[in-house]
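Novice: Sequence:
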Amino acid sequence: MNKTKYFKSRRHLGNGVDYAGALHKAKFLQHLSADFKLNIYGAGPKDQQLAKKRAIHLHERVDPEAIPQMLEGSFGLVWDSDSYPDVVGRWGEYERYNTPAKFPMYLSANEPVIVWSQAAMAPFVRANQIGLTIDSMAQLPDAVQSVTKDQYSQMLTNVQRISPLIRDGFFLKKAILDVMAKIYINNPTG
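Positions in the sequence shown are counted from 1; adding 72 to them yields our numbering.
By construction, these hints were calculated from the structure, which means they are not laboratory data. Treat the hints loosely; a few may be bogus.
To be verified - The calculated lysine to aspartate or glutamate pairs, modelled on EDC-like cross-linking and capped at a C-alpha distance of 20 Å, are:
1. K246 <-> D207
2. K109 <-> D135
3. K118 <-> E132
4. K109 <-> E165
5. K118 <-> D207
6. K109 <-> E132
7. K99 <-> D154
8. K125 <-> D154
9. K97 <-> D135
10. K221 <-> E144
11. K109 <-> D214
12. K118 <-> E165
13. K97 <-> E165
14. K124 <-> D135
15. K99 <-> D158
16. K99 <-> E132
17. K99 <-> D222
18. K97 <-> D154
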């Protein structure tokens, strides 16, 4: 069992939103108010100018396996779109059917998530109460601001129940077994 520590200490509300990706590619983030606190992981030279005079903490691109230990925000944002505020374009549509690697990365680091309400992982977030689902990027600041300390504490408890399963590969193993069961049920003589 991997004993790597995936977080520095217990997370706290008010530490901003983490986003793994380059700011210059995330046009939807560039329209948020200048005082909205963001932590960008994967920033490049083009991001320096965009972050000026904004509440953005840039982190250079690092090995993806190191990011879970670095995350310092209150929430991890799983979002992609070609524009602000709605989810549009091929990458936005991609989220309707796929689970981006950011999703388990944030959860493995014991970090609640924020996802698009129509994303493939939105029902999982709602059912397990491990974060927020929003319809539009315009809702992000108010959604984060409206979370109470008690609600956040419950989200953290729920995430901490799920995160060891993610780190140990439970959901991947379960998916493989589910596929194998369907194959053998449909073809019992193999």
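Novice: All the hints need checking, so say for each whether the structure fits it.
Specialist: A quick look at each hint next to the structure:
| no. | hint | result |
| --- | --- | --- |
| 1 | K246 <-> D207 | 30 Å, violated |
| 2 | K109 <-> D135 | 23 Å, violated |
| 3 | K118 <-> E132 | 11 Å, holds |
| 4 | K109 <-> E165 | 26 Å, violated |
| 5 | K118 <-> D207 | 29 Å, violated |
| 6 | K109 <-> E132 | 17 Å, holds |
| 7 | K99 <-> D154 | 7 Å, holds |
| 8 | K125 <-> D154 | 24 Å, violated |
| 9 | K97 <-> D135 | 19 Å, holds |
| 10 | K221 <-> E144 | 17 Å, holds |
| 11 | K109 <-> D214 | 13 Å, holds |
| 12 | K118 <-> E165 | 26 Å, violated |
| 13 | K97 <-> E165 | 16 Å, holds |
| 14 | K124 <-> D135 | 25 Å, violated |
| 15 | K99 <-> D158 | 11 Å, holds |
| 16 | K99 <-> E132 | 18 Å, holds |
| 17 | K99 <-> D222 | 32 Å, violated |
| 18 | K97 <-> D154 | 9 Å, holds |
In this structure, the earlier hints numbered 1, 2, 4, 5, 8, 12, 14 and 17 are contradicted, and the remaining ones agree with it.
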